[in-house]
Amino acid sequence: MIQEKQTILWNKEVAPDIFELTLQGEMVDAMVPGQFVHIQVPREDLLLRRPISIATIDAETGSYRVLIRVDGEGTQSICAQHAGMTLDVLGPLGNGFDISFLNPKDKVLIVGGGIGVPPLLGLANLLHEKDIDMDIVLGFQTRGAIVYEEEFKRLGHVTITTDNGSYGIHGYVSTVIDTLTQPYHAIYACGPKGLNRYINLKFEDHPHAYISLEERMGCGIGACAACVCQKRKEPRENIKICQHGPVFKTGEVIV
Amino acid sequence: MNRLRVKLPGLDLKNPIMPASGCFGFGGDYGKLYDLNLLGAIMVKATTLEERYGNETPRVAETPSGMLNAIGLQNPGLEDVLNEKLPKLMKYDLPVIANVAGSTEEEYIEVVRRISQAPNVHAIELNISCPNVKHGGIAFGTDPIVVERLTRACKDVSRVPLYVKLSPNVTDIVEIAKAVQRGGADGITMINTLLGMRIDVKTRKPILANLTGGLSGPAIKPVAVRMVYAVSHAVDLPIIAMGGIKTVDDVLEFFMAGASAVAIGTMNFHDPMILPKLIDQLPRRMDELGISSIEALIQSVKEARAHE
Numbered sequence: 004m005i006q007e008k009q010t011i012l013w014n015k016e017v018a019p020d021i022f023e024l025t026l027q028g029e030m031v032d033a034m035v036p037g038q039f040v041h042i043q044v045p046r047e048d049l050l051l052r053r054p055i056s057i058a059t060i061d062a063e064t065g066s067y068r069v070l071i072r073v074d075g076e077g078t079q080s081i082c083a084q085h086a087g088m089t090l091d092v093l094g095p096l097g098n099g100f101d102i103s104f105l106n107p108k109d110k111v112l113i114v115g116g117g118i119g120v121p122p123l124l125g126l127a128n129l130l131h132e133k134d135i136d137m138d139i140v141l142g143f144q145t146r147g148a149i150v151y152e153e154e155f156k157r158l159g160h161v162t163i164t165t166d167n168g169s170y171g172i173h174g175y176v177s178t179v180i181d182t183l184t185q186p187y188h189a190i191y192a193c194g195p196k197g198l199n200r201y202i203n204l205k206f207e208d209h210p211h212a213y214i215s216l217e218e219r220m221g222c223g224i225g226a227c228a229a230c231v232c233q234k235r236k237e238p239r240e241n242i243k244i245c246q247h248g249p250v251f252k253t254g255e256v257i258v
Numbered sequence: 002m003n004r005l006r007v008k009l010p011g012l013d014l015k016n017p018i019m020p021a022s023g024c025f026g027f028g029g030d031y032g033k034l035y036d037l038n039l040l041g042a043i044m045v046k047a048t049t050l051e052e053r054y055g056n057e058t059p060r061v062a063e064t065p066s067g068m069l070n071a072i073g074l075q076n077p078g079l080e081d082v083l084n085e086k087l088p089k090l091m092k093y094d095l096p097v098i099a100n101v102a103g104s105t106e107e108e109y110i111e112v113v114r115r116i117s118q119a120p121n122v123h124a125i126e127l128n129i130s131c132p133n134v135k136h137g138g139i140a141f142g143t144d145p146i147v148v149e150r151l152t153r154a155c156k157d158v159s160r161v162p163l164y165v166k167l168s169p170n171v172t173d174i175v176e177i178a179k180a181v182q183r184g185g186a187d188g189i190t191m192i193n194t195l196l197g198m199r200i201d202v203k204t205r206k207p208i209l210a211n212l213t214g215g216l217s218g219p220a221i222k223p224v225a226v227r228m229v230y231a232v233s234h235a236v237d238l239p240i241i242a243m244g245g246i247k248t249v250d251d252v253l254e255f256f257m258a259g260a261s262a263v264a265i266g267t268m269n270f271h272d273p274m275i276l277p278k279l280i281d282q283l284p285r286r287m288d289e290l291g292i293s294s295i296e297a298l299i300q301s302v303k304e305a306r307a308h309e
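Residue numbers (the working numbering), protein chains in the order written: chain X, 4 to 258; chain B, 2 to 309.
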């Protein structure tokens, strides 16, 4: 974990109000898919950093990509920065996805929803290098909100759902997942609360099913206890998402 | 001579800058970013007798130049703090100020009695000002009679000097400060957060699960300065001041208001390196302003008041 000024190499709007920033910095060497960075808002009056998932990592150029949805003044301010400008970044933070147990030709299910999709692309890149077979189910609100479809298609078998039926299968990702019968060696999911909750329950007993959670954060490093979730089993315990997550095994915590 | 050195009851500070309770955990997380030995002291997270789980999430909400929090005193409880958290700070040359909270007078007394015996706890900060718990916290900090009684009871059992943390959510903070002094405290820390609220216009509901939370950050600094100024005129106790400090000038402003040391809370979230940065920048700014040492500054503020 370090704090550094990172240069924005690229900034482009990839979907309405969704910006892809490519950032360059020393911390890239230490990044693994599933981790996040805590980005300072370049405005004096907005104090809290914004926790943003790392999408893809490029060790060669020492850069990585993040996808940020403009959801308020803070994200708007970050996304308004141009290529060549810098951002104050703390990271990499959190635990990342565990893939250590996977072997070539293993079958993996990847489930993403909306702005939860980006960290799964970095994961899929890594799994592709390990020659893992992937079924990828991605849900979006509308056709316009779809991101990274082409990139995922190069890595595995992709199914897209949209809430309003404007593209792909009409409905939530559960519409597709409930029809899948194949056993998977691992399942990785990241999305809105409903999606995470669904995966958390559906694959509760799966030995290698993982969900990545989000929460409003303070420090981002485990000191302030703002972003906690409750452990599922007794004795009761509150776990810090920024420090012990954001990736959890299904059944580990209450979503 | 170390021109940043300040001596307070129980505390020989190599510099007058420390992290405020609740924003720094028990130090370990920030210890991964820099050497905690740089700090003047450390105010650790509030400790209660039993483990507390805190409030539901969301627990934080942003506000202009500030934030609201309603953590709800989540902490691992006295036993874990004594056995796990405090020993990990032993490797540092760092006085620990243990923040103590409770829902009953008995709980406060028991935690103070035991935590004050920990070898690296140099002072107690009695938290009678947390606005985010249903029982205890601020309930003990708003009535001068209760404040005086609790202060005395805790002072009686404490092996180390006792500081009491004041809430700004009172009609007259000077009355509370006087009660703290009558109760025999060795010092005051101030201010805790100001009670506030935010509502999400899309959902029409409060952002915080706890509905209300404590406002902190630069937004509250003028309130804190005013209160430190008033309290330091009214009581003869050293004050460790906190409330929106962001720059070295903010640090010095609090000394000029009557403080003897300062703590930084919320701004750690904005810039996790803020404490070492301020400690590093302080001597240069003192040079520019003609301040020879912090002790001299504290003394000159006192002397100027004697002639008011």
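If you are wondering where the hints come from, they were derived from the structure by calculation, not from laboratory data.
Please note that a few of the clues may not be correct.
[As the list claims (entries may be wrong)] Computed spacing ranges between beta-carbons, pair by pair: (1) Arg114/B / Ser80/X: 24 to 34 Å; (2) Gly197/X / Arg150/B: 29 to 39 Å; (3) Leu34/B / Ala83/X: 43 to 53 Å; (4) Asp74/X / Glu176/B: 55 to 65 Å; (5) Val17/X / Asp13/B: 52 to 62 Å; (6) Asp32/X / His234/B: 31 to 41 Å.
[Unchecked claim] Just a few of them, taken from the derived set where beta-carbon distance is under 8 Å, the chain X residues facing chain B: (7) Asp48; (8) Gly65; (9) Lys156; (10) Arg157.
For each residue, glycine too, the CB sits at the ideal point set by N, CA and C.
A quick look at each hint next to the structure:
{"no.": "1", "hint": "Arg114/B / Ser80/X: 24 to 34 Å", "result": "violated, 49 Å"}
{"no.": "2", "hint": "Gly197/X / Arg150/B: 29 to 39 Å", "result": "violated, 51 Å"}
{"no.": "3", "hint": "Leu34/B / Ala83/X: 43 to 53 Å", "result": "violated, 28 Å"}
{"no.": "4", "hint": "Asp74/X / Glu176/B: 55 to 65 Å", "result": "violated, 44 Å"}
{"no.": "5", "hint": "Val17/X / Asp13/B: 52 to 62 Å", "result": "holds, 56 Å"}
{"no.": "6", "hint": "Asp32/X / His234/B: 31 to 41 Å", "result": "violated, 55 Å"}
{"no.": "7", "hint": "Asp48", "result": "holds, 5 Å"}
{"no.": "8", "hint": "Gly65", "result": "violated, 21 Å"}
{"no.": "9", "hint": "Lys156", "result": "violated, 34 Å"}
{"no.": "10", "hint": "Arg157", "result": "violated, 37 Å"}
Of the numbered hints listed earlier, those contradicted by the structure are 1, 2, 3, 4, 6, 8, 9, 10.
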